[in-house]
Amino acid sequence: MSDLLAARSQMAMSLAFHIIFAMIAIGMPLLMVLAEYRWRRTGDGIYLDLAKRWAKGSAILFAVGAVSGTVLSFELGLLWPGFMRYAGAIIGMPFSLEGFAFFTEAIFLGVYLYGWNRVSPRAHLLAGVVVALSGAASAIFVVIANAWMNAPTGFQLVNGQPVNIDPIAAMRNAAALPEVVHMVLAAYAATGFAVAGVHAALLLRNPANAFHRRALSVALIMAVPAAIVQPFSGDINARAVAEQQPSKLAAMEGQFRTEAGAPLRIGGVPDVAERETRYAIEIPRGLSLLAFHDPNAVVTGLEAFPRRDWPPVLPVHASFQIMVALGTYMALVAIWALVLGLRKRDLASNRWLMRAIAIAAPFGFIATEAGWTVTEVGRQPWVIYGVMRTADAVTPMPGLIVPFLVFTALYLFLAAIVIWLLAHHIGASPDIIERTRRVGLVEEAGP
Amino acid sequence: MSAPLALATIVAALMLVSLTAYALSGGADFGGGVWDFLASGPRRAQQRALISHAIGPIWEANHVWLIIVVVLLFTCFPPAFALLAITLHIPLALMLIGIVLRGSAFAFRTYDSHQDGAQRRWGRTFAIASTATPVLLGICIGAITEGRLVIVPGEPFLSGFVMPWLTPFTIGVGVFALALFAFLAAVYLTMDAPDEPLREDFRVRALIAAAAVFVAAFGVLLLAQRAAPRMHAWLTTSIWALPLQVATALAALTAIWALWARRYPLARFAAVAQVTLILWGWALALYPYIVPPTLTLEQAAAPAITLRLVLWALAIGAVVLFPSLYYLFRVFKRGEEAFDPLDREE
Ligand code: HDD
Ligand code: HEM
Ligand code: HEM
Numbered sequence: 000m001s002d003l004l005a006a007r008s009q010m011a012m013s014l015a016f017h018i019i020f021a022m023i024a025i026g027m028p029l030l031m032v033l034a035e036y037r038w039r040r041t042g043d044g045i046y047l048d049l050a051k052r053w054a055k056g057s058a059i060l061f062a063v064g065a066v067s068g069t070v071l072s073f074e075l076g077l078l079w080p081g082f083m084r085y086a087g088a089i090i091g092m093p094f095s096l097e098g099f100a101f102f103t104e105a106i107f108l109g110v111y112l113y114g115w116n117r118v119s120p121r122a123h124l125l126a127g128v129v130v131a132l133s134g135a136a137s138a139i140f141v142v143i144a145n146a147w148m149n150a151p152t153g154f155q156l157v158n159g160q161p162v163n164i165d166p167i168a169a170m171r172n173a174a175a176l177p178e179v180v181h182m183v184l185a186a187y188a189a190t191g192f193a194v195a196g197v198h199a200a201l202l203l204r205n206p207a208n209a210f211h212r213r214a215l216s217v218a219l220i221m222a223v224p225a226a227i228v229q230p231f232s233g234d235i236n237a238r239a240v241a242e243q244q245p246s247k248l249a250a251m252e253g254q255f256r257t258e259a260g261a262p263l264r265i266g267g268v269p270d271v272a273e274r275e276t277r278y279a280i281e282i283p284r285g286l287s288l289l290a291f292h293d294p295n296a297v298v299t300g301l302e303a304f305p306r307r308d309w310p311p312v313l314p315v316h317a318s319f320q321i322m323v324a325l326g327t328y329m330a331l332v333a334i335w336a337l338v339l340g341l342r343k344r345d346l347a348s349n350r351w352l353m354r355a356i357a358i359a360a361p362f363g364f365i366a367t368e369a370g371w372t373v374t375e376v377g378r379q380p381w382v383i384y385g386v387m388r389t390a391d392a393v394t395p396m397p398g399l400i401v402p403f404l405v406f407t408a409l410y411l412f413l414a415a416i417v418i419w420l421l422a423h424h425i426g427a428s429p430d431i432i433e434r435t436r437r438v439g440l441v442e443e444a445g446p
Numbered sequence: 000m001s002a003p004l005a006l007a008t009i010v011a012a013l014m015l016v017s018l019t020a021y022a023l024s025g026g027a028d029f030g031g032g033v034w035d036f037l038a039s040g041p042r043r044a045q046q047r048a049l050i051s052h053a054i055g056p057i058w059e060a061n062h063v064w065l066i067i068v069v070v071l072l073f074t075c076f077p078p079a080f081a082l083l084a085i086t087l088h089i090p091l092a093l094m095l096i097g098i099v100l101r102g103s104a105f106a107f108r109t110y111d112s113h114q115d116g117a118q119r120r121w122g123r124t125f126a127i128a129s130t131a132t133p134v135l136l137g138i139c140i141g142a143i144t145e146g147r148l149v150i151v152p153g154e155p156f157l158s159g160f161v162m163p164w165l166t167p168f169t170i171g172v173g174v175f176a177l178a179l180f181a182f183l184a185a186v187y188l189t190m191d192a193p194d195e196p197l198r199e200d201f202r203v204r205a206l207i208a209a210a211a212v213f214v215a216a217f218g219v220l221l222l223a224q225r226a227a228p229r230m231h232a233w234l235t236t237s238i239w240a241l242p243l244q245v246a247t248a249l250a251a252l253t254a255i256w257a258l259w260a261r262r263y264p265l266a267r268f269a270a271v272a273q274v275t276l277i278l279w280g281w282a283l284a285l286y287p288y289i290v291p292p293t294l295t296l297e298q299a300a301a302p303a304i305t306l307r308l309v310l311w312a313l314a315i316g317a318v319v320l321f322p323s324l325y326y327l328f329r330v331f332k333r334g335e336e337a338f339d340p341l342d343r344e345e
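Each protein sequence line maps, in turn, to chains A and B.
If you read the first sequence in numbering that gives the first Met the number 0, its first letter stands for residue 0, the second for the next number, and so on.
If you read the second sequence in numbering that gives the first Met the number 0, its first letter stands for residue 0, the second for the next number, and so on.
Next comes chain A alone, as it looks inside the complex:
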């Protein structure tokens, strides 16, 4: 393994690990706040129990999120000093703002997790709201920095060096808004479906369990809107990519030739040697329509770029297909649940719906990993699109395979423990039988 490949693998592994915990840190506080709010509104103690159990279950996830994020901020330099020397002054701004978001999040998380008996109920709920907001804010800031790598602005290049830099303009880059919206929605959809999925699976065993019924309803309140909006948000991302990063779009779609009225390919295997994508179901003019909202628009193919500027086509295309497939499934299930909920049906006793939700528990996280693979691998060979190559950013330190293996082992170990602890936690959820007869998603009866 070359040093460059080792560095890329370590970065990818660290980010793929961190993003899971980061998304939970964005989603779970909102769920806890929703449950606690319901408790305050209805006086139903099960909601309080729910909020407390969610808080307890999330505590270790927050800790792992914080330490893995710390690793990342050092890794930006440990692995990519060339990139940081170049870009630090331009995109450090969102990272500095993120620092304050971390502070407010960590402070009020301390109050929220340890302060049940120490602050007034109202202050407690407010602390939860602050945690939820600052978690989303830290995601927004870091994704702005990432978007700049995709659509770099706010500087001029003179002799290969950035001059006249404008950090505010850099933050307002063209990729920022679509990426930020898509990422925050992803966090709500993924966490919401994961929680709903776990409780749906437990409801399949015991549909009358009042604890899981309430958990399901709260989780769906967050998951359903996010999952339904997500494909629309993704469409905006795709159009932004089409405009700003044509080589990424071509790799996503397996589009080798430049053509007008390009088809949308579902599935298929891009063959780089033959320069064509085989076995795909093609929807005529679909890609031109989706990416440019014009069935005859010209889509730039990979052939328009020198071979050395191509990203790896197969992983980008495959990841994109996975994300869209999972996103479509989640949106459809969400619509199903919404329709039943609006008709005041009892969702928890609808076994097919419970099965559909239970299956989707990991889907949001898988879609997110796939989405980031599209974004990051699709940007290759650039670390800053069109400006700096990844190979020029890597550290001169030799033997990078060693830290890659060490950190991989460390993270695998942490992941195993987290899963083990969570399994125990979920296994210990209370067994409370629902006493009232009619319970719907929207209207919950008190005990």
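Calculated directly from the structure, the hints in this document are not laboratory data.
Where hints are given, some of them may not hold.
[What the hints assert, rightly or not] Computed beta-carbon distance windows for the label pairs: (1) A:173 / B:310: 26 to 32 angstroms; (2) B:315 / A:152: 39 to 45 angstroms; (3) A:412 / B:315: 52 to 58 angstroms; (4) A:407 / B:153: 42 to 48 angstroms; (5) A:171 / B:3: 24 to 30 angstroms; (6) A:12 / B:261: 50 to 56 angstroms; (7) B:152 / A:152: 29 to 35 angstroms; (8) B:322 / A:176: 27 to 33 angstroms; (9) B:292 / A:55: 50 to 56 angstroms; (10) A:162 / B:240: 37 to 43 angstroms; (11) A:176 / B:310: 46 to 52 angstroms; (12) B:156 / A:412: 45 to 51 angstroms; (13) B:292 / A:121: 53 to 59 angstroms; (14) A:12 / B:43: 38 to 44 angstroms.
[Stated by the list, open to error] To give a feel for the contact side, a few chain B residues facing chain A, derived at Cβ under 10 angstroms: (15) 59; (16) 65; (17) 152; (18) 330.
[Unchecked claim] Derived list of chain B stretches under chain A, where covered just means 3 residues or more per stretch with a C-beta under 8 angstroms from a C-beta of chain A: (19) 68-74; (20) 221-231; (21) 296-310.
Cβ atoms here follow ideal geometry from the backbone N, Cα and C, with glycine treated the same way.
Chain A is already provided as a structure; the job is to place chain B with the ligands on it using the hints.
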């Protein structure tokens, strides 16, 4: 293109404030881990419970100070960040492993409160990681001070990436940092302790740590003569140096006397002053360099516009941050009545 020295100095001073805050808060959390490691005597379990209680709600917030330092460094002094990240790759990576294990082991231990065997294993991981990490932090600071962090293309692995940071001096600074953090933690814990015997335990520990700090400081000074002549020369010639050293010594002696006399709030004040003065003295000795001998603050600074924006961001951030921090400490550090060893959630 670079920013003027004054602007760079202001930002660097704020970085130093963050680093000081990290040493005083996060450093003490590491020190707590050291005392967890060394917990002994009849009240061993209570000692551990007190440490865990004192760290629990606040360590994540304390930890953010370090992130602020890193973020400010790569935003405002990108070449310095790149240089340090390349030359200190190994100790920084090891330090990260320590941070990861410390944080997660602490959380895991608090979390599965049932199994005793697992409890002890997490406890041990937490304690070992808490001991190793400050040493590595000290090594990095020592290596910056020693001034051998330069990139020579084609330099072999050992002489390029290991020797510059693995010297008697850097290890001395590592031990010094460990002693200092352990001292801070013990002094704080005398104030957090709910009863007299436990307080006595930590008073004795604080006094032992104070002695260790003294020995380590002396050793570092001796080694500095050869290893960091620039620093040593500054300490012996600058007009700032003498008052600073006198003040530091005074703070150290006050802390010891106050511990001896059981004047705990005074001891804490003096210990905080001592650590702060040490860090500020170190920074003054380094000035105007950020990574000697190649990078001064001015040479490493980002363009002025970036520094100005960051200063604005810091000013606005501080308005949110300090009231929140105050609130956090007020909620959790209400002295004795706050601690009850059986006060566990659920
Ligand atoms: C719950 C997770 C999830 C779901 C269901 C979807 N996505 Fe997504 N997608 C992400 C999670 C995600 C992500 C991981 O959050 C990414 C990576 C970068 C980003 O901003 O969001 C992403 C990136 C991303 C990009 C690349 C942006 C870039 O490189 O700048 C495109 C074009 C799409 N998405 C399009 C879609 C479409 C058309 C979907 C239709 C169903 C979809 N996504 C569902
Ligand atoms: C958390 C979600 C993210 C994931 C899962 C992710 C994934 C990846 C992957 C797979 C790579 C390797 C690409 C390759 O070498 O083929 C990579 C590289 C990289 N990413 Fe991301 N990324 C994420 C977010 C970010 C963010 C927010 C930033 C910075 C602000 C960032 C900065 C980088 C850098 C600097 C590299 C190395 C250079 C490169 O290979 O392009 N990434 N990431
Ligand atoms: C798109 C990708 C990312 C998202 C959505 C994201 C979001 C988050 C969130 C919500 C948290 C709070 C987690 C918690 O407290 O448990 C967090 C923590 C953290 N993240 Fe990320 N992050 C991303 C990528 C990165 C990158 C690339 C870096 C490095 C530069 C980074 C650095 C950090 C740090 C240092 C923390 C710890 C803060 C603390 O100590 O509380 N993150 N991130």
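How the hints compare with the structure:
1. A:173 / B:310: 26 to 32 angstroms: 28 angstroms Cβ-Cβ, so the 26 to 32 angstroms window holds.
2. B:315 / A:152: 39 to 45 angstroms: Roughly 24 angstroms apart at Cβ, these two residues miss the hinted range, so it is violated.
3. A:412 / B:315: 52 to 58 angstroms: violated, 40 angstroms
4. A:407 / B:153: 42 to 48 angstroms: violated, 29 angstroms
5. A:171 / B:3: 24 to 30 angstroms: holds, 27 angstroms
6. A:12 / B:261: 50 to 56 angstroms: holds, 52 angstroms
7. B:152 / A:152: 29 to 35 angstroms: holds, 33 angstroms
8. B:322 / A:176: 27 to 33 angstroms: holds, 31 angstroms
9. B:292 / A:55: 50 to 56 angstroms: Roughly 52 angstroms apart at Cβ, these two residues keep to the hinted range, so it holds.
10. A:162 / B:240: 37 to 43 angstroms: holds, 40 angstroms
11. A:176 / B:310: 46 to 52 angstroms: Since the Cβ atoms of residue 176 of chain A and residue 310 of chain B sit about 27 angstroms apart, the hinted range of 46 to 52 angstroms is violated.
12. B:156 / A:412: 45 to 51 angstroms: Cβ of residue 156 of chain B to Cβ of residue 412 of chain A: about 27 angstroms, so the range 45 to 51 angstroms is violated.
13. B:292 / A:121: 53 to 59 angstroms: holds, 57 angstroms
14. A:12 / B:43: 38 to 44 angstroms: Between residue 12 of chain A and residue 43 of chain B, where Cβ atoms are some 39 angstroms apart, the hint holds.
15. 59: Since chain A brings a Cβ to about 4 angstroms from residue 59 of chain B, closer than 10 angstroms, the hint holds.
16. 65: holds, 7 angstroms
17. 152: Interface hint status for residue 152 of chain B: holds (7 angstroms vs cutoff 10 angstroms).
18. 330: holds, 5 angstroms
19. 68-74: holds (count 5)
20. 221-231: n = 0 at 8 angstroms, threshold three: violated.
21. 296-310: holds (count 6)
When each numbered hint is compared with the structure, violations occur for hints 2, 3, 4, 11, 12 and 20.
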